[in-house]
Amino acid sequence: MKQKEFNIPFSGLKQGKHHFNYQIDNTFFDSFGYDEFNAADVNLDVVLYKSSTMLELDLEASGTVNVNCDITSEPYEQPIDGELHLVVKFGEEFNDEDDEILILPHGEHQLNIAQYVYEMLVLAVPQKRIHPGIEDGTLQSEVLDRLNELRPKEKRTDKEENDPRWDELKKLLTDK
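Per the numbering used here, the very first residue in the sequence shown carries number 1; after that it's consecutive.
Honestly, the hints are just simulated from the structure, not real lab data. A portion of the hints provided could be inaccurate.
[What the hints assert, rightly or not] Simulated DEER-style distance windows between Cβ atoms:
1. 14 <-> 77: 38 to 48 Å
2. 106 <-> 39: 39 to 49 Å
3. 64 <-> 106: 51 to 61 Å
4. 97 <-> 168: 17 to 27 Å
5. 81 <-> 9: 21 to 31 Å
6. 100 <-> 21: 19 to 29 Å
7. 129 <-> 33: 12 to 22 Å
8. 71 <-> 94: 38 to 48 Å
9. 38 <-> 168: 18 to 28 Å
10. 100 <-> 38: 29 to 39 Å
11. 163 <-> 43: 51 to 61 Å
12. 43 <-> 13: 38 to 48 Å
Don't be surprised by glycine CBs; every beta carbon is placed ideally from N, CA and C.
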């Protein structure tokens, strides 16, 4: 089983609230064969509510992952935050088809949350990774310089001039 330190042995716990804390670095993502991050520094807090019939887990993560910018390939620190609420019930057999409800077989005494943590953190990273230095103009990069050179130079100066092809369509809007 992946990441034994993410096993939560719930059978010995009293009913009520229990706290767990994890520090996640890149070895965690490496164990899943995920190599999109250059580095990771994420703090994960887990609160487990144990009742006689079920478990509820609240996972909260925050930290940074070092990723390469999609535009310039420059590495940068991307802040990430993630939250997940998971309900664990007991049944005849293991079932994790529902994203928010996990069914463990009766008699099970521990729960591994590594897969849930992995998915939550990977999904917390924006689809498009853009170095903050691009937005504020502080990033000096050959790639950016080259992109600026290739940017179209001409700009439409007369915004009032209409394209005659659109005029006929605009008439349709007023001919009601």
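Query raised in the report: Do the beta carbons of residue 43 and residue 13 sit within 38 to 48 Å of each other?
Result: 22 Å, violated
Query raised in the report: Would you say the C-beta atoms of residue 129 and residue 33 sit inside 12 to 22 Å of each other?
Result: 20 Å, holds
Report task. Note whether the CB distance of residue 38 and residue 168 lies within 18 to 28 Å or breaks it. Result -> 54 Å, violated
Query raised in the report: Holds or violated: 51 to 61 Å for the Cβ distance of residue 64 and residue 106?
Result: The hinted range 51 to 61 Å is violated for residue 64 and residue 106, with Cβ atoms some 41 Å apart.
Query - Assessment of proposed distance window 38 to 48 Å (beta carbons of residue 14, residue 77) - result: About 40 Å separates the Cβ atoms of residue 14 and residue 77, which means 38 to 48 Å holds.
Query raised in the report: Measuring from beta carbon to beta carbon, are residue 100 and residue 21 in 19 to 29 Å?
Result: 23 Å, holds
Report task. With 29 to 39 Å as the target window, see if residue 100 and residue 38 comply at their CB atoms. Result -> Holds, since residue 100 and residue 38 (Cβ atoms, about 31 Å apart) stay within the stated range.
Query raised in the report: Is the distance from the Cβ of residue 97 to the Cβ of residue 168 consistent with 17 to 27 Å?
Result: At roughly 54 Å between Cβ atoms, residue 168 and residue 97 fall outside 17 to 27 Å, so the hint is violated.
Query raised in the report: Is it true that residue 106 and residue 39 lie within 39 to 49 Å of each other by Cβ?
Result: 41 Å, holds
Query raised in the report: Does the hinted range 38 to 48 Å hold for residue 71 and residue 94 at CB?
Result: Distance hint for residue 71, residue 94 holds at roughly 43 Å.
**Report entry** Outcome of range test on Cβ distance (residue 81, residue 9; 21 to 31 Å)
**Finding:** Holds, since residue 81 and residue 9 (Cβ atoms, about 28 Å apart) stay within the stated range.
Report task. Determine whether the Cβ-Cβ distance between residue 163 and residue 43 falls within the hinted range of 51 to 61 Å. Result -> Since the Cβ atoms of residue 163 and residue 43 sit about 55 Å apart, the hinted range of 51 to 61 Å holds.
Consistency note: the structure conflicts with the earlier hints numbered 3, 4, 9, 12.
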